[in-house]
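J.: Sequence:
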Amino acid sequence: MINVEPILCVSFSERLFHKGVNNNWGRVQIISSGEKTAPKSRLVDIAVRYFRKEGYKVNQEGTVLEGFSGISRRFDLIVQKGRVEQGVWIRDWNRTIGVNVIINLDMASDDVRLASPIMIGEKFSDHAKSYSNRRKITLLTRQKIAMSLR
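Anchor point for the sequence shown: position 63 equals 62 in numbering that gives the first Met the number 0, and the numbering is continuous, going up by one each time.
You may find that some hints are simply not true.
With a cut-off of at most 25 Å between alpha-carbon atoms, the simulated BS3-like pairs for lysine-lysine come out as follows [stated by the list, open to error]:
(1) K135 x K56
(2) K80 x K56
(3) K143 x K56
Now the in silico label distances, taken between C-beta atoms and shown as ranges [stated by the list, open to error]:
(4) K56 x L148: 12 to 20 Å
(5) S71 x R149: 33 to 41 Å
(6) R73 x R41: 26 to 34 Å
(7) R112 x M146: 28 to 36 Å
Note that these hints are calculated values from the structure, not bench results. None of these values were measured; they are calculated from a predicted model. Virtual Cβ for every residue (Gly too), placed ideally from N, Cα, C.
Let the hints inform the model, and build the full structure from the sequences given.
T.: Written as structure tokens, this is what we have:
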């Protein structure tokens with residue numbers, strides 16, 4: 000049996016009781032530049048392959064954008080097809096993604112003026128599906144992406 004510890008990204012300027020915990024598992028990483036980086040999950044790799052196969056340009060580097068509200072918005076990927084840029088959030092969770100997460104993605108995308116965002120996850124609640132249909136947000140599951148890559 001392998002012993003796995005939770006991943007914790009901490010910059011030197013943060014106090015120990017103000018840690019940000021991400022959604023993945025692994026080991027503690029201390030970043031000297033002050034920028035928090037989450038380890039790449041397998042779902043991110045699959046998503047990048049999927050978007051490239053679908054003809055999108057994929058940007059994994061410059062994914063923190065400042066919105067018109069003055070708040071920095073972080074996306075896991077920024078994909079572009081033609082002139083349309085879309086923000087992508089990838090949630091590699093073992094639980095259902097609720098409507099609150101979809102609303103936050105929608106608000107972040109609107110704030111930085113990116114067209115119809117994309118959420119990738121394991122499964123979505125009925126309310127999340129309903130909201131995304133009304134707001135033209137694309138929901139992709141791991142199963143849909145795997146079927147497309149075959």
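J.: Does each hint fit the structure? Answer for all of them.
T.: Right, here's what the structure says about each hint:
| no. | hint | verdict |
| --- | --- | --- |
| 1 | K135 x K56 | 21 Å, holds |
| 2 | K80 x K56 | 6 Å, holds |
| 3 | K143 x K56 | 20 Å, holds |
| 4 | K56 x L148: 12 to 20 Å | 18 Å, holds |
| 5 | S71 x R149: 33 to 41 Å | 37 Å, holds |
| 6 | R73 x R41: 26 to 34 Å | 20 Å, violated |
| 7 | R112 x M146: 28 to 36 Å | 32 Å, holds |
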